[in-house]
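Asker: Chains as they are written, first to last, in the numbering used here: chain A, -8 to 446; chain B, 208 to 1208.
Simulated from the structure, these hints should not be mistaken for lab results.
In this text, all values refer to a predicted model and were calculated from it rather than measured experimentally.
From the three backbone atoms N, C-alpha and C, an ideal C-beta is built for every residue, glycine too.
Incorrect hints may appear among the rest.
[Unchecked claim] Only part of the chain B face toward chain A is listed, based on derived beta-carbon distances under 8 Å: (1) E1173; (2) W1196; (3) V1199.
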Amino acid sequence: MGRRSFLGIGGSALGQAKPGARAKQVLVIFEQGGVSHIDTWDPKPDAPTEHRSPFKTIKTKADGVYVTELLAQTAKHMDKIAIVRCMTQPTPGIGNSHPKGSQYVYSGEAPGGPVEMPDIGSIVAQRLGTKAPYLPAHILLPGTDEQADSSRIGFMPPGFTAFKTGGSPADPKWQVPNLGLLTGIDERRFKDRQNLLSALDVGFVHGSAPKDVEAMQSLMHQATDMLTNPLTRKAFDLGTESDKVRERYGSGHRGQCYLLGRKLIESGVRYVTVDVREPMNSYVNGKQVRYDGGNNMNWDHHDGIYSKTHTNNIPGGGAGAGRWGIQTWPMMGSTDQALSALIEDMAQRGLLADTLVCFVTEFGRTPRINERQGRDHWTHAFSFAFAGAGVPGGTVIGSTDRDGGFITSPMAYTLEDYGATIFEKLGIDRHKPIYTPQGRPVPIAGKGKPIPELF
Amino acid sequence: MRIKFLHCINTQPSPTLLRRGRVARREERTKSRVGSGLLGSGILLAFAATSAQAQERIVVTPPSVALTSARDARQVVVTGFFGGQPRDLTEKAVFTSSNPKIAKLVGSRVAVAGDGKASVTVKVAGKVFTVPVSVSGAKKADPVRFAFETVPILTKQGCASGSCHGSPHGKGGFSLSLFGYEPKIDRIALTRDGFSRRVNTMEPAESLMLKKPTLAIPHVGGKRLRVGDTRYTTLNQWIAEGAEVGVPSASVAKIEVTPGGRRVLEAPYKNQQLSVIAELTDGTKRDVTALATYESSHPSVASVDADGKITGKSRGFAAVSVRYLDKVQALDLTVVEPRPSFVWKPQPEKNAIDGLVNSRLKQLQCLPAATCSDSEFLRRVSLDLTGMLPGAAASKAFLADKSPEKRAKLIDSLLASEEFARFWALKKADLMRVSPKHLTTDQAGRFSRWLVEATRTNLPYDKLADAIITATGSTEQSPAASYFLAIKTPEERTELTAQVFLGSRIECAKCHNHPFENWTMRDYYKIAAVFARTEAKKGQVTLATKGEVKHPTTGENMEPWSKTASSTEDRRTAFARWLTTPQNPFFARVEANRIWAELTGRGIVEPVDDFRVSNPPSNPALLDWLTQEFVKSGFDRKKLIRLICQSQTYQRVAVAPKAADEALFSHAKVRLLTAEQLQDAIGATAGMLASATTLPTQLAALDSQLTQRAATLEAEYPSWLATQTRLAKALPLWQSTWRDSEKPLTDITEGQEYRFEEGERQTRTLTRTIHSDVARTVTIALKFSDQATLKVNGAALPGNLKRTPTHMLNLQPGENTIELRMTGDNLTFTWKLADDTSGLSSPLIEALRAENTAPVHDFYLANDAKRTQLLGQRATLDDRVAYATQRPWPEQTAFTKTFGQPARETACTCERRQTPTLLQALELLNGRTSYETVAAGAARYAAFSDTLLLDELYLTALARFPTEKERTVAIAFLKNAPERTAAVTDLLWTVVNTQEFLFQK
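Extracted from the complex, chain A is given alone in its bound form (with noise of 0.2 Å):
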């Protein structure tokens, strides 16, 4: 492709992977505010007792590998999962908060570069295009608007922005704003404009179109068979699924969302982010449940931590009050369900063969305990998960000391790393830059290298 030559086409088929490539598709499960290794993925039995997780350590199907009982259902699945526990930020001052480490985590990439760099699946979008022309080729999902702002398009054509479902794909009226045909116009109605289209919207020039024009009009055929195919709304209806399947993941919202993450890749979605953050109000099997005093339902523990219920009326607490307690429902113990459905699920139906799964968030949580019972953000050590696409599963990569907070392994990786990981696995090839509309070549993944253990 030349300097300034790429198109601002979304989903078409633009690029090609390497030969050999383990990955055609990503689903990422982005869970935002920073979960405690400590208490998942990275037990520590041996921290001073006045700072140690709570949480037992328990064993896995996979032999060596521990991680504590806030996955025990996970755990059931370890031989299919790959543990980091050397993730690391270089830079903590840059991704320390969670807007920034947000973004972070989207694009792979430490913000306040030179240039803003955009999400590694509007890269993926553009250099693989998409595996079915009926739906976008980045899904986020469901996106508030939180999290739409990490998520950037930065100096990349708009046509590879994350397309974002929004809502609550536990609400039984769910359903894709701007993929469904408008209030009042059926498709039989939307069907008589488009035959009428086509019986005026003819002889613009003579001789061939301009490209722009040609453009405009493959552009105008894909949008509509995303409004009309049955399979762009099958793609989204959970209603598709058994009830046996939505029970197995969790009827609530973090389950509907990781099912509905597993639908769009089986589907053809070719990135998919799934970042949950259970509402206030929200939904078990269809019906409207409360989670009083969460109002901000992410993994931010800096106040009771531990908490059974919500983690308001901490005294002297503030950062971390509106959230619930990491070993409850709609935090862990929803996560972990949904998770090991998640992993079993692509399993069974053979998707992990050639999907990479991440678990990721934008970093740890501190050792200590701090005076509210909470713990603060940690970037010296945090924990990362994968699966899928070759990764090999029931083996931990790295160790942090006694009671995590820094990393022993020689090796230690970082969010660039991650972003390079998924890049490779999908064999798009690194030293290929990508260029801002001023014709700046620009490094994608540039200070990163995979990880090798996940190869």
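Once you have looked at the hints, place chain B on chain A.
Answerer: Same frame as chain A, but now just chain B:
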């Protein structure tokens, strides 16, 4: 045959020329060369041609060769003139040395064999020329110089490029400075880091530096060097000599590329050998043809090899840039390929533009398209000049007009319209960050209106630029001061100014000299120094007497780009003087090119803000002429626009046959409407956006309503005043107006957020008094953006004010002083005394109690809801809020953003994206904005007869009557539909979704 030797002519740039602009120098040299018909320096042999042709000559460059060290060499270039046209004969010439033991030949390069004198014989086209060669120093050691040889070789081989070992992401732990601009870094990378492996001085051939690029061991970057090549040998020798990395005392003063300027490559002469001489600051010269880096802007048109040989590949134009260290020169090339069946047909020409466009088309053998129809012209010129569709009535009238002058008249009337002034001001506002993100609403509004006014009065462009660049004071006095308020660092101002006025993307030079760009880091920081003393604080631009910009690498204070006339002169004034001189190589040229691009959809230099030697104009003569006309007219933008619109070139039809050449303007370009044009076009087609010509009538109607309302209000005033005065005087509890150091802040509204204009961190202390008839406790609701303390009668409220939203204040009878001290960035605060239920504002209470009638009357008027509403409507109309194309500062809607409206974050025209996207297709087919607009407009159309409906719709949307086929299809659709309004909605929707609507052609 008469052979005549002429003196060598060395055309140095005149010292009076514009300072520093290397482009200027290059162009000047080109001109003088064209003028005298000579090459830069060389033997010139003129002979009478045997044919009837003009005199034919052959030039051998250089006329003589002096080689002064063991590894010295000289590239020879042979040029023949055929009918005055220079053609390269180097490859066709046969070179022989009189003594290969003194001067040996490597192709057309003369190299050292031994000391002494010899000559090289050049046989070409049946003629023989002799070049005397003297060689000295052949036996003396000639060590490889790190800075002048090693670094250029690493750069040339691609090692130091950003995707390989160039900083900051050097691969394999080997990090060189980007493109070799920082020899200091390279010294460390090459010798200190992993010294023994990378550079093995004992066994040079075992060095990683040689083994990797020759693929003796695996190298991710592939094969880069061949064992035995000159460049390999040089590196090898450098290592063997101990890999010296000394700092040289001289630097490169300039490079001389032969030939320079412009060349035509036409079969059978499709090659061009270059020769590159570097002159150092110590006066020494060296042939660096083998060391320089070459790049073609269009390799499919003309490619260039590592030894500087250009090969014409296919018809078109290209620039080959030559770089040696930080010096860049370029050669513009036109490659001509005869098309066997091509016959040029004489073309109608309306003005000089057409002659220049046509001669380029003729040269490159492409026939232009025919003249466009009246309706195509009308829609095109209306959208281009006003941003809006012409409207049904105007379309009908224009199509019916039989006058041969009607196109010219239309251009004139559009240029005189208010719509033109507003739409063209928007284009400038796009680049100057007129946005609420960077400016306050008032500042953005003032700057916008100023830009409209400047366009309306056709302020000469040099005056406009000068007014912006030297703007000082508050935005009330000097609206253009917002240029400096929107961006505050000297660096950002440098980038903005360079991109807007110099058409140069200079931002790369902030951190590194750029390959194939003229702008160096020094240039960047010299321009930055121009803005070092321009301060933007508290909504004002002021000049400081001190303030410097340092070069980030050397740490030296940079002299400003243009020398000031005196030590007290504003540096910006000196810069503006340089900028707006008629001879400035960029200023007029960049704007002429921008105007051309706005009207034709493509710049002669494209992108329009990327002028550099390596980005050649597609039609240099045309750009030269437009620039000249623009300067001659006194930078009259309207005049240039008129000239272009009147040309045959502008009035061509849009076609896409294979022979069409967009870059040469053989036809009109089909362009997607811009976001603002499309939004307005849909509104106008639906009938929901009234034609802008109706605005004066609408405004007059509102004015009369306002007059009526004013009369009513005056009649009711006395009784209102009496009641309110009684009420105010009897208030048991009331607050005085907030004051900031005695200055009353009457625009603070109780209970509403107040935002201080200044965005930077600041501390503000506001005071007021609360009057109470008795001692009491009142509740205050207080919100503020950062930190605050609150004192009541001198005693501070304890604790953190942020903890709770309301506070209890204990008041004494009588006056209680309140002091609210706040600190923060972007300060805001909201204050509400819950116990005050009078509904009167503090300034009003004060005025009523003092029986101060003037402010009371003002408050009376300002608080009338009906009057406020009418004034609001008037302002909305006057500001053309509903028209996206008519506001230099349009609202950013989801619709406009989808269609590429820029967020005004950069000065780059590329921020406005004009490439179709999937989101746009979804928005058009299923978007709420277009659907609701057409649905709302359907009823009006539905009331018309079918024929009238279709005429009106097609004339509005497409500036033409419907065809018979369209009429038949549409009428059948309407007849068969169960419900007429719904069917009309569908028809409107369909028309605004046709390609003919979405694009202008």
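Asker: Give a verdict on every hint.
Answerer: Okay, the hints, checked on the actual structure:
Because the closest C-beta pair between E1173/B and chain A is about 6 Å apart, less than 8 Å, the hint holds. With its C-beta approaching chain A no nearer than about 6 Å, W1196/B sits inside the 8 Å limit, and its interface hint holds. Interface restraint check for V1199/B: the shortest CB-CB distance to chain A comes to about 10 Å, outside 8 Å, so the restraint is violated.
When held up to the earlier numbered hints, the structure conflicts with hint 3 and nothing else.
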